[in-house]
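A.B. asks: Next come the chains, spelled out residue by residue.
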Amino acid sequence: MLLRLRNAAASMAELAQRQDRVANNLANANTVGYRRDQAFATALRERLDAEGAPQSTRVAGQVADVAPGELIATGNPLDLALDGDGFFAVLGADGRTRLTRAGEFVIDAEGTVRSPQGHALLRDDGTPLTVPPTGGEVTVNTAGDVTVGDVAVGRVRVVAVDDPRQLVRLDGATFDTAGLALRPSEAHIRQGFLEGSNVDAVQEMVDLMAHVRLFESQQKALRTTDETLGAVTRDLGAF
Amino acid sequence: MLHALRTAALGMSAQQTSVDNTANNLANANTTGFKRTRVAFQDLLYQTVRAAGGEDGAAGSPATLQMGHGAVAVATVATFTQGGLSETGNALDVAVNGAGFFPVQMPDGSRSYTRDGSFTLTADGLLVTQSGFALDPGIEVPPDALEVQIQADGTARALLPGETEPVELGQIELARFQNPAGLRPLGGNLFAQTEGSGEPVVGRPGEDGLGTVHQGFLEASNVDVVQEMVDLIASQRAYELNSKMVQAGEEMLQIANGVKR
Numbered sequence: 034m035l036l037r038l039r040n041a042a043a044s045m046a047e048l049a050q051r052q053d054r055v056a057n058n059l060a061n062a063n064t065v066g067y068r069r070d071q072a073f074a075t076a077l078r079e080r081l082d083a084e085g086a087p088q089s090t091r092v093a094g095q096v097a098d099v100a101p102g103e104l105i106a107t108g109n110p111l112d113l114a115l116d117g118d119g120f121f122a123v124l125g126a127d128g129r130t131r132l133t134r135a136g137e138f139v140i141d142a143e144g145t146v147r148s149p150q151g152h153a154l155l156r157d158d159g160t161p162l163t164v165p166p167t168g169g170e171v172t173v174n175t176a177g178d179v180t181v182g183d184v185a186v187g188r189v190r191v192v193a194v195d196d197p198r199q200l201v202r203l204d205g206a207t208f209d210t211a212g213l214a215l216r217p218s219e220a221h222i223r224q225g226f227l228e229g230s231n232v233d234a235v236q237e238m239v240d241l242m243a244h245v246r247l248f249e250s251q252q253k254a255l256r257t258t259d260e261t262l263g264a265v266t267r268d269l270g271a272f
Numbered sequence: 005m006l007h008a009l010r011t012a013a014l015g016m017s018a019q020q021t022s023v024d025n026t027a028n029n030l031a032n033a034n035t036t037g038f039k040r041t042r043v044a045f046q047d048l049l050y051q052t053v054r055a056a057g058g059e060d061g062a063a064g065s066p067a068t069l070q071m072g073h074g075a076v077a078v079a080t081v082a083t084f085t086q087g088g089l090s091e092t093g094n095a096l097d098v099a100v101n102g103a104g105f106f107p108v109q110m111p112d113g114s115r116s117y118t119r120d121g122s123f124t125l126t127a128d129g130l131l132v133t134q135s136g137f138a139l140d141p142g143i144e145v146p147p148d149a150l151e152v153q154i155q156a157d158g159t160a161r162a163l164l165p166g167e168t169e170p171v172e173l174g175q176i177e178l179a180r181f182q183n184p185a186g187l188r189p190l191g192g193n194l195f196a197q198t199e200g201s202g203e204p205v206v207g208r209p210g211e212d213g214l215g216t217v218h219q220g221f222l223e224a225s226n227v228d229v230v231q232e233m234v235d236l237i238a239s240q241r242a243y244e245l246n247s248k249m250v251q252a253g254e255e256m257l258q259i260a261n262g263v264k265r
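Taken in order, these protein sequences are the chains called C and F. Residues in the first sequence are numbered consecutively from 34, following our numbering. Residues in the second sequence are numbered consecutively from 5, following our numbering.
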């Protein structure tokens, strides 16, 4: 009986955590390049307890949903979207290489192409992409070759990962590359477009409602168990 | 305690920033030389609840469990695309077609930069912006000039009475920045150079990718009203979604309180 109380309480805690995840997805519904956070739970060591009630150890996990977001036309030459499976490689100020689908870039005072968070966009050879101070129109073809005016300045590095479950999130809609097996990507670059967040508002609202109601039913289960236990203690004690 | 409430509140304030930005763009839809801005958002730091591999040995979780904490506005990025050139017929209206800015002299001697070329003359004949700041280098128009001509390369000339050939008054220069999005807006259509924008490349119009100047035209703002309306709707709906999250979080806390009667 006491185990049932614990089961209901554990379930409520997990639902609250899932709701936090929905909140984070909704908060990022308009964040460029954001990948939706998906939760899953795995039941391990399933067994029956002494009273014949099912019991298991549950492990909650999450995976970034890598489905593409919508393409938003901006006309800005430094807005790049990836059409297909892949990520841009960017270098953070902390020296860590990160992966991102957020192709919103600006040129800094030194001519380095950076995201608004300050991550430098990397070229094929692993060095940051820079544009010469002479200026001129920046063009990026679908393969990622960048030209400024008539000068070729390199190719944007686009990589893919085989198992998206390995992706570990960092802030700024980026993922850590530590320990990841990267391979060249087939994705095409679309200049003048941004990829929006892949959060599906309808799906999130459904999850949101389901979590509230499941939370409520677990609470009822908890209370019923409590009442039963109370009755047992009271009635048995009456003898 | 539920993070959801705070996460949703951050989401709401991020969307509010976006609506404020859209309001400013729309308010300046008819401002000469105005460049629209866009708010860039990022998701916040992730808290690792449990690293991959898991502490409960046998469980050996395959993936890291991470919780996000909402979204926040990181930057407003100005889009320096060319605005449309509209003909005014006024000889002192000059538009830049290209990347350059007009350098103007501030009262404290410093320079600031503008795309707004609706110039006028002071009593002394100095060519100034509508706010009264003189072009740098200055152009002085003689009081008896019949006509002012400004060439595409920035050469300013005036036709004086009794003359057949116009006399040269000076050269209008343009300045270009490596990263115009890094310029600091001063209001009044003026921008100041910052560390982020880099040093200006100054020269004659038509050189070094500065663009050319066109007399009798003004540059309209690059605000696309339809695009702004679409952005407004998206922000408003996202705001609403986050407010629903606040409601749901509140309801769950109420249910949790109901565990103990």
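None of these hints come from the bench; they were simulated from the model. Keep in mind that the hints are not guaranteed to be accurate.
[Said to hold, decoys possible] No farther apart than 20 Å at their CA atoms in a straight line, the calculated lysine to aspartate or glutamate pairs in the EDC-like style are these:
| no. | chain 1 | residue 1 | chain 2 | residue 2 |
| --- | --- | --- | --- | --- |
| 1 | F | LYS264 | C | GLU103 |
| 2 | F | LYS248 | F | GLU232 |
| 3 | F | LYS248 | C | GLU237 |
| 4 | C | LYS253 | C | ASP118 |
| 5 | F | LYS248 | C | GLU249 |
| 6 | F | LYS264 | C | GLU249 |
| 7 | F | LYS248 | C | ASP209 |
| 8 | F | LYS264 | C | GLU260 |
| 9 | F | LYS248 | C | ASP259 |
| 10 | C | LYS253 | F | ASP228 |
| 11 | C | LYS253 | F | GLU177 |
Just so it is clear, the structure is predicted and the values come from calculations on it, not from any experiment.
A.B. asks: Evaluate each hint against the coordinates.
C.D. replies: Hints and how they fare:
1. F:LYS264 x C:GLU103: violated (46 Å)
2. F:LYS248 x F:GLU232: violated (24 Å)
3. F:LYS248 x C:GLU237: holds (11 Å)
4. C:LYS253 x C:ASP118: violated (45 Å)
5. F:LYS248 x C:GLU249: Holds: F:LYS248 and C:GLU249 sit about 17 Å apart, inside 20 Å.
6. F:LYS264 x C:GLU249: holds (13 Å)
7. F:LYS248 x C:ASP209: It is violated: about 32 Å lies between the C-alpha atoms, which goes past 20 Å.
8. F:LYS264 x C:GLU260: holds (11 Å)
9. F:LYS248 x C:ASP259: Given that 20 Å is the threshold and the Cα spacing comes to 32 Å, the pair is violated.
10. C:LYS253 x F:ASP228: At roughly 53 Å apart (the allowed maximum being 20 Å), F:ASP228 and C:LYS253 break the hint.
11. C:LYS253 x F:GLU177: Outside the cut-off at roughly 76 Å; violated.
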